[in-house]
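Respectively, the protein sequence lines represent chains U and P.
Note that the first sequence covers residues 1159 to 1402 in our numbering.
Note that the second sequence covers residues 1159 to 1402 in our numbering.
Calculated directly from the structure, the hints in this document are not laboratory data.
Treat the hints loosely; a few may be bogus.
No copy labels: a pair is met if it fits in one copy or bridges any two.
To be verified - The calculated SDA-like cross-link candidates involving lysine to any residue, where the alpha carbons are at most 25 Å apart (straight line), are: (1) 1334 with 1200; (2) 1334 with 1187; (3) 1334 with 1198; (4) 1382 with 1197; (5) 1334 with 1179; (6) 1334 with 1312; (7) 1382 with 1233; (8) 1334 with 1195; (9) 1334 with 1286; (10) 1382 with 1369; (11) 1382 with 1161; (12) 1334 with 1388; (13) 1382 with 1322; (14) 1334 with 1186; (15) 1382 with 1220; (16) 1334 with 1196; (17) 1334 with 1266; (18) 1382 with 1245.
Computed from a prediction, not measured in an experiment: that's the story for all the values here.
2 protein chains.
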Amino acid sequence: MTQVVGILGGMGPAAGADFVRLFVDACAQHMRAAGEPVRDQSFPEHWLAQVPVPDRSGALERTGEGAHQPLEPMLQALGRLAALGSRAVAIACNTAHAWHATLQQRFPQIELLHVAREVAAHLSARGETQVALMATEGTYRVRLYEQALADSGLPCHLPTAEERRMLMRGIYEGVKAGDLPLAEALFSEVALRLSQRHGDVAIVMGCTEVPLGLQGAAAVHGLKLVDPARVLASALAERAYARA
Amino acid sequence: MTQVVGILGGMGPAAGADFVRLFVDACAQHMRAAGEPVRDQSFPEHWLAQVPVPDRSGALERTGEGAHQPLEPMLQALGRLAALGSRAVAIACNTAHAWHATLQQRFPQIELLHVAREVAAHLSARGETQVALMATEGTYRVRLYEQALADSGLPCHLPTAEERRMLMRGIYEGVKAGDLPLAEALFSEVALRLSQRHGDVAIVMGCTEVPLGLQGAAAVHGLKLVDPARVLASALAERAYARA
């Protein structure tokens, strides 16, 4: 017997669609690891909500009412995922986790997974001791990963101000604007510098655009790149297969 | 203002996840065609239900109660998609369309898209005059595409009995079992034969496994292969952007 789970997406919709793919992959892996055949009927029931949510990074730069704009549509969608029977829900957006505590508080009957805590637990279990973070300015601002990693006793190395600008350029002028070679060059350079500075370091790609820009990049071959969406999708699959 | 739409998936879950990707692509294309910027917030709200549904092909071979097993979970999921506000719903499985009429009848307030009718309309609008169908035995049995194409005045050329066996082998021993080279060889051979027999023919890949097996196959380069999932995803995007 599996549990119904939900995915809160739309931030952006392509990342939400890709998260479902990763979740389905993780479920198939779970079945194979348990020695069970992978059949359509053995997958847990899951629902994806792709709802329009005002820009998360923009809201985090504002104060007053504007700062809370993304909360309302997320609360509504989460309430509906809960009503559909979801026992656990994952949010398919790093930056949206800035509102995690408020969302979880409002719906105590569901477990709202936290991407950074799942990544910290995953790295801790793997025995990593050094972690570096590639992310957006918004994610650095709310210290999403720093806090979760610190709670697991893991240091979080940050890029320099110049490297952060390179990341933002790779995300906005690279991936989002469709210039993948530019993104790959910028992301690779930052990843290599982090690895040179911190040695055997696990590098967290804490923005969904980063893995897209680094896909198949030869320059970063051998680096320990961690995709939080993949870790979060596995964590959600675990919840789905947990006994009630 | 966009309309809320739904996707009835889980048949199988990987095809459902891929359908969301195609729908998101189709929406982005719609925005670009309209000269609008592609922003997260400009996508229509959409919901994906991935529910366990008993084997569709198996049910179509049975009579009595067994023949209706897949209907109940599809009705339940469709009712919930309707309750979430969906005005139009697409089913991410060819064979499940055997129950289309019953599902549509039960929920007259939503438009339940029909993959074969959308493909027929698409091919008709493109000015095609010859169509061939690569599908599963179950899809041939219920004449899913033949009927819809005939209603649009289009002939539907079918593979020979031997070619159908090649398709079933490519689907089950090839794609589903992870032997992609076998699938590519079998699917390519059937596609080439259809093209040799019927000349300038549009070949409908009426089973979600077929495009997976033919991805990047050089042998079929230049053939007019039609992916119904892509056509259905575009049709759903059209409904989402239609004025209320």
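Each hint tested on the structure:
When the C-alpha separation of residue 1334 and residue 1200 is checked against a cutoff of 25 Å, the pair qualifies only between copies, where the shortest distance is 15 Å, while the shortest distance within a copy is 36 Å. Taking CA atoms no more than 25 Å apart as the test, residue 1334 paired with residue 1187 passes between copies only; the shortest distance there is 15 Å, against 31 Å inside one copy. Only between protomers do residue 1334 and residue 1198 lie at most 25 Å apart by alpha-carbon distance; the minimum there is 11 Å, versus 34 Å within a single protomer. Taking the shortest alpha-carbon separations for residue 1382 and residue 1197, neither the intra-copy value of 33 Å nor the inter-copy value of 32 Å comes in at or below 25 Å.
For the identical chains of this complex, residue 1334 and residue 1179 are neighbours both inside a copy (21 Å) and across copies (16 Å), given an alpha-carbon limit of 25 Å. Neither within a single protomer nor between protomers do residue 1334 and residue 1312 lie at most 25 Å apart by alpha-carbon distance, with minima of 31 Å and 42 Å respectively. With identical chains, the CA atoms of residue 1382 and residue 1233 are never at most 25 Å apart, being 35 Å at best within one copy and 46 Å at best between copies. Proximity of residue 1334 and residue 1195 under a CA criterion of 25 Å is satisfied inter-copy only: 12 Å between copies versus 39 Å inside one chain copy.
Taking the shortest alpha-carbon separations for residue 1334 and residue 1286, neither the intra-copy value of 31 Å nor the inter-copy value of 36 Å comes in at or below 25 Å. In this assembly of identical chains, the alpha carbons of residue 1382 and residue 1369 lie at most 25 Å apart only when taken from the same copy (12 Å versus 33 Å across copies). Within a single copy, residue 1382 and residue 1161 get their C-alpha atoms no closer than 32 Å, and across copies no closer than 43 Å, so neither meets the 25 Å cut-off. Taking identical chains as interchangeable, the C-alpha atoms of residue 1334 and residue 1388 lie at most 25 Å apart whether they share a chain (21 Å) or sit on different chains (23 Å).
For a Cα distance limit of 25 Å, the shortest separation of residue 1382 from residue 1322 inside one copy, 19 Å, qualifies, whereas the shortest one across copies, 46 Å, does not. Taking the shortest alpha-carbon separations for residue 1334 and residue 1186, only the inter-copy value of 13 Å comes in at or below 25 Å, while the best intra-copy value is 31 Å. For a Cα distance limit of 25 Å, the shortest separation of residue 1382 from residue 1220 qualifies neither inside one copy, at 35 Å, nor across copies, at 52 Å. When the C-alpha separation of residue 1334 and residue 1196 is checked against a cutoff of 25 Å, the pair qualifies only between copies, where the shortest distance is 10 Å, while the shortest distance within a copy is 35 Å.
In this assembly of identical chains, residue 1334 and residue 1266 lie within 25 Å of each other by CA distance neither inside one copy nor across copies; the values are 35 Å within and 40 Å between. For the homomeric pair residue 1382 and residue 1245, neither the shortest alpha-carbon distance inside one copy (32 Å) nor that between copies (45 Å) is at most 25 Å.
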